[in-house]
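**Student:** Protein sequence lines correspond, in order, to chains A and B. Just so you know, we're using numbering that gives the first Met the number 0 here: the first sequence kicks off at 0 and counts up by one. Just so you know, we're using numbering that gives the first Met the number 0 here: the second sequence kicks off at 0 and counts up by one.
These are calculated hints, taken from the structure and not from any lab test. Warning: the hint list may mix true and false statements.
Claimed, not checked - Computed, partial: chain A to chain B, Cβ under 7 Å:
| no. | residue |
| --- | --- |
| 1 | V70 |
| 2 | V73 |
| 3 | A164 |
Heads up, the beta-carbon is just placed ideally off N, CA and C, and yes, glycines get one too.
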Amino acid sequence: MLARWNYIPALGQVAFALYALIILFGGGLAVTSRSLVRAMVGLVISLFGVAGLYLLLLAEFVALMQILIYVGAVSVLIIFAIMLTRASDDGGEAAGPDRRGILRAMPAFLFPTVLLVMMLRKYGVTGAETPKDIPVAALGAGLLGPYTLPFELISVILLAAIAGAVLLSFEKRGVD
Amino acid sequence: MNPLVYYQTVAVLLLGMGFYALVSRRTLVGMLIGVELMLNGAGLSIVAAAQLTPTDAILGQLGALLVMGLAAAEATLVLAIVLVVSKRFGNADADGPRELRG
């Protein structure tokens with residue numbers, strides 16, 4: 000067992016285990032909590048754990064963007080959604096899922112997880128032992144060089160999403 | 000078993016937990032939280048695969064950034080849809096807008 004773990008240096012193992020535990024704890028809280036606000040806190044914990052894994056993978060720019068975009072923007076959006084729909088502690092989740100809901104949800108969790116983990120163990124790809132170190136300048140050069148089209152497309156998509164959100168939540172006069 | 004397998008296992012667990020939330024939650028906001036978990040698993044899987052294999056690592060990191068941008072756009076739209084649904088049905092339960100009749 001120890002020989003197997005020699006791939007990752009010891010400190011890396013400890014950090015990986017810590018981040019994985021943070022992700023699992025936060026995800027479990029996000030999935031099972033009966034209060035949507037607590038579920039939101041669980042999601043934020045899980046997002047921080049994923050950012051830690053990005054740091055372990057030497058993708059520090061992605062880790063910072065994870066904290067900036069997800070923790071900073073997306074979670075605030077979801078908290079706004081929770082507040083604006085008054086779905087706080089006594090919201091629709093307070094009763095918790097009934098037995099049939101859990102019966103339906105367990106296969107939804109087990110089927111992809113078991114299938115994919117079994118495939119991972121069987122056809123486990125051979126990856127490098129240490130991640131590549133890409134400078135942030137290379138990412139910027141990539142965005143301005145070969146990957147300009149996705150960069151521009153994502154801004155169009157964000158603009159369309161903003162316009163759509165404004166259009167959807169706009170109060171129409173004359174209706175009710 | 001090498002590091003890539005462990006990273007992918009964590010990503011698969013994120014996918015599974017998100018799927019569980021998507022099926023078991025009663026409210027639209029709870030389902031949105033599940034979708035965000037799944038998208039995080041996708042991003043982690045992309046970055047781990049790009050950083051630990053001979054693939055172009057720039058492509059992988061920029062792909063993860065693209066996923067984050069898409070998640071932000073999706074969360075914006077879902078917030079607007081949740082607002083419309085809660086205005087029309089009084090709450091944000093997923094059972095409300097089940098019928099296609101306006």
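**Student:** Looking back at the numbered hints, which does the structure fail to meet, lowest number first?
**Tutor:** 1
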